[in-house]
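Protein sequence lines correspond, in order, to chains G and Y.
Going from the first sequence to our numbering is simple: count from 1 and add 34.
Number 121 in our numbering belongs to position 140 of the second sequence; there are no gaps in the numbering.
Treat the hints with care, as some may be off.
Within a straight-line C-alpha distance of at most 30 Å, the following computed DSSO-like cross-link-like pairs (lysine-lysine) qualify [claimed, not checked]:
(1) Lys247(G) to Lys92(Y)
(2) Lys278(Y) to Lys247(G)
(3) Lys141(Y) to Lys231(G)
Have a look at the derived ranges for each label pair, beta carbon to beta carbon [to be verified]:
(4) Trp393(G) to Ile118(Y): 43 to 53 Å
(5) Ser227(Y) to Pro265(G): 58 to 68 Å
(6) Met380(G) to Lys218(Y): 27 to 37 Å
(7) Arg137(G) to Ser227(Y): 36 to 46 Å
(8) Ile89(Y) to Ser201(G): 20 to 30 Å
(9) Trp393(G) to Tyr85(Y): 55 to 65 Å
(10) Ala435(G) to Ile89(Y): 20 to 30 Å
(11) Pro68(G) to Asp160(Y): 45 to 55 Å
(12) Gln138(G) to Tyr85(Y): 31 to 41 Å
These are computed hints drawn from the structure, not numbers from a lab.
Each residue gets a CB set at the ideal place from its N, CA and C atoms; glycine is no exception.
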Amino acid sequence: MEVVDYSKAPPLIEGNPTLGHIDDSIAVPMEKRPSKKYFAALSITLTMLLIGAVALGYTFYYGIGMWGNNIPVGWAFDITNFVFWIGIGHAGTLISAILFLFRQRWRTGIARFAEAMTIFAVMCAGLFPLIHLGRPWYAAFVFPYPNQHGIWINFNSPLVWDVFAVSTYFTVSLMFWYIGLIPDLASMRDRTTNKFKKAVYSVLSLGWRFSNKHWQHYEKTYVILAGLATPLVLSVHSIVSFDFAVSILPGWHTTIFPPYFVAGAIFSGFAMVMTVLIIVRKVFDLEYIITKKHLDKMAKIILVTSMMVAYAYLMEPFIAWYSGNAVDWFVVVSRATGHYAVGFWMMVACNVFIPQLFWFKKIRSSIPALFIISLLVNVGMWLERYIIIVTSLYRDFLPSAWHIYTPTIFDFGILIGSFGLFFTLVLLFSRTLPVISMSEVKGVVEGAHPTHHIGAEHE
Amino acid sequence: MRVLIQHIILVQNMSEIQRIPPSGRRLYGITAIFDNPDKVLSATKAATQEGYKDFDVYSPYPIHGLDNAMKLKPSRIGVVTLVLAMIGVVSILLFTWWTNSVNYPLIIGGKPYFAWPSYIPITFEMAVLFGAVSTVISLIAIWLGLPRNSHPLHDTEFMKKVSSDRFGVCVEATDPKFDEKQTMDFLQRLGGENVELAYYEVHELSLRKAVLDPKFVGAMVIVAVASSGATYFSLNKMLLMRPWSSLNNQFKVLPESRSTFYADGFAMRPPVEGTVARGHMPYIFSGNMPSAEKYMKNPLLPTPRVMEVGQRDFNTYCSPCHGYFGDGDSRLQGQFPSPPSLHSDTLRHAPDGHFYQVMTDGFQNVMPSYARQIPRDERWAIVWYIRALQRAEHAKGSDVK
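Just chain G, with the same shape it has in the complex:
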């Protein structure tokens, strides 16, 4: 039986490394020539990206008739992918902002990576509303300026709210990430001997000097940004859910959608962060910074959000039955038994039943199990959006309009391409910028703070 000393907090970083050692190990990927494994991984992700580019090229040249969408299923893969990627992004902000506000200092090891994933995921997400326009160069019409007839955009439309929410989210996430990067970029500037890298790091670090007079305002700004990002991240997926909930389509017209979508976003986002971090900590030998404790805590959050999602899954049919609305009930039944029933039950299995394994500590501390479950959660969450969108649309009010949606090779090509884009960016990021916040990790090693400051903090 392991004896735990509860009188002091357990160390967040294993092995109590020196500050210089932290710098060295975080900077390794940026200073060493990448291994063959890295290039193999990059070639796979670039191939995926290329597949996406070809599929997109066909789509732009011949129009979105290349996809399987047809009335009444006007939204299918494109919006599914959009909601999926936006959801992935939410975990990053949650880790970097919400856990920061809750003083969960274990987040320091994974925050930078999660924030980067947020930005890349929002970039992937932002692509889909653009490309589903068919002629994406007209996307500027979503911005508030009058058209040739002097009419403004419709501020009552959830699609316009979406534009405001996603662009604000991207801007704020990018600034939050960049502000966090500045001290690390300055550390890299002072470490590197390469003239070109030095110039780049000097420009990007803005000439940061590690001065305490600066740290003071810097920390304050970080808290403010975290405080702004926290309600922001909740608002973004709520507004994404309004795209559906504000319509009057049975299956979409539900008040539970905003919290349901937010919980689902955090759920899928944590799963994605876990998938990527398991690979990263192994490949870059960062197991002592991204410890098993981190993965354990993330597994617990996945379990909690899984049960929130399960609650929403239960509430949807309950309300449909309880309201006595025949059309609502029809949609619920056709989801579970109709043409897309296999997808529906796979979604329930992946999102509700499989994460229940995280009740067991053995599963939470087994890396292969964590990896497989996190992948399944992502599959389940992608299916969730697909099921919500397609099964609500494919059986229209008029049975003569019913239409079975089948994706084409181009739909899949673009989906693969978005994964290619995401992982290519992740790989490039892991080689060019510190994947772990050096300055934050240094602040949480043992002995990082003065031991005998006589009540200085409480003066």
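Here the structure of chain G is known, so what remains is to put chain Y in place on it, guided by the hints.
For chain Y alone, coordinates are given in the frame of chain G:
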């Protein structure tokens, strides 16, 4: 001359006093390195107690307790966030109100013009956006005074250490208590290592050289040419190519184009034999005035609306030759033969069908057919108007009553 030389010497001495050494560098301050956060905190406290004000502590991560030890006032950057977030809220509400209530009032979904509840999402987003962007920009530009890569502490051994694993203190030369020797001793006494002088680099004090550097100017020229070229290409060339050319390229047959499908090579096909155009009505009295006079009757009643249309059409189509009152007084000034008056006895007693036949078929190769310009009903309306004109010129006494 002598005075001038003395003056120069004096200035040089003054420079000496202002600590510009012969190499032409100006002193920034004295730096010292400390091993661990405990030492740097106690050094900071000692420096504050000693009365130093212009000094700063450098550490690879923010250290608890330093702000109090340095007696720094709490950061007030939150004021910027608050004020700008409020401005964001007010401006987006004013904007949505102005666009939908003033500039182009539009009822959407049966809501009022200013449907503020549905503007809440974007109002919130704008508050966050304004607050966050303004905070970050003001942090960098105002509070930190960045970007600045020309600071004297950059590229020093001191900076290399504090950016990695050491802690440093720098007492600046501007401090009233600063004295090169005494301050150095003071820092050494506190346990500081590598106590060194930090200088401004003269070439970094002047921007002039950097801005006029041919490399910089060249880069700016390349950027200008490349961006204007790209703009020209995308707006004037790219937008006319597929697929950016929108709906200019379609899978359809254009008029007069060649067909590879039909044997005769014409893409435009003649209509099927016996096809009747929409709205087409065959006219059986063409070239048969007696029948037209005998069998046709005006289908319209002389309502005010019919009269109005008749007058309008008569003035438009007939009056150039027949005159506004049908007197045959052409306005064409002899370029075209003037027609006879419409008030002759023959015409006054001619049946309605006569006028309709003339308008539809043309008359004696002088007046062309107006069937294409004037629809059927309007021709009958003109007939009524002609009747009105005839009646007006030959009014009976009873008409006056």
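Going down the list of hints, with the structure as the test:
Simply put, Lys247(G) and Lys92(Y) have alpha-carbon atoms about 52 Å apart, too far for the 30 Å limit, and the pair is violated. With a CA separation close to 102 Å, the supplied pair Lys278(Y) and Lys247(G) exceeds the 30 Å bound. Pair hint Lys141(Y) plus Lys231(G) holds up; C-alpha atoms about 16 Å apart against a cutoff of 30 Å. Distance hint for Trp393(G) and Ile118(Y): a CB-CB separation of about 47 Å, consistent with the stated range 43 to 53 Å.
At about 40 Å, the beta-carbon gap between Ser227(Y) and Pro265(G) misses the expected band of 58 to 68 Å. As the Cβ distance of Met380(G) to Lys218(Y) is approximately 49 Å, the hint placing it in 27 to 37 Å is violated. One distance hint, 36 to 46 Å for the beta-carbon pair Arg137(G) and Ser227(Y), is violated here, with the actual separation near 54 Å. Hint check: Ile89(Y) to Ser201(G), Cβ distance near 22 Å, so the stated range 20 to 30 Å holds.
The hint said 55 to 65 Å for the Cβ distance between Trp393(G) and Tyr85(Y), and at roughly 58 Å that hint holds. Against the hinted window of 20 to 30 Å, the Cβ-Cβ separation of Ala435(G) and Ile89(Y) comes to about 27 Å, which satisfies the hint. Separated by about 53 Å at the C-beta atoms, Pro68(G) and Asp160(Y) satisfy the suggested range of 45 to 55 Å. Between Gln138(G) and Tyr85(Y), the C-beta spacing of about 49 Å breaks the proposed range 31 to 41 Å.
Checked against the numbered hints given earlier, this structure breaks hints 1, 2, 5, 6, 7, 12; the rest are met.
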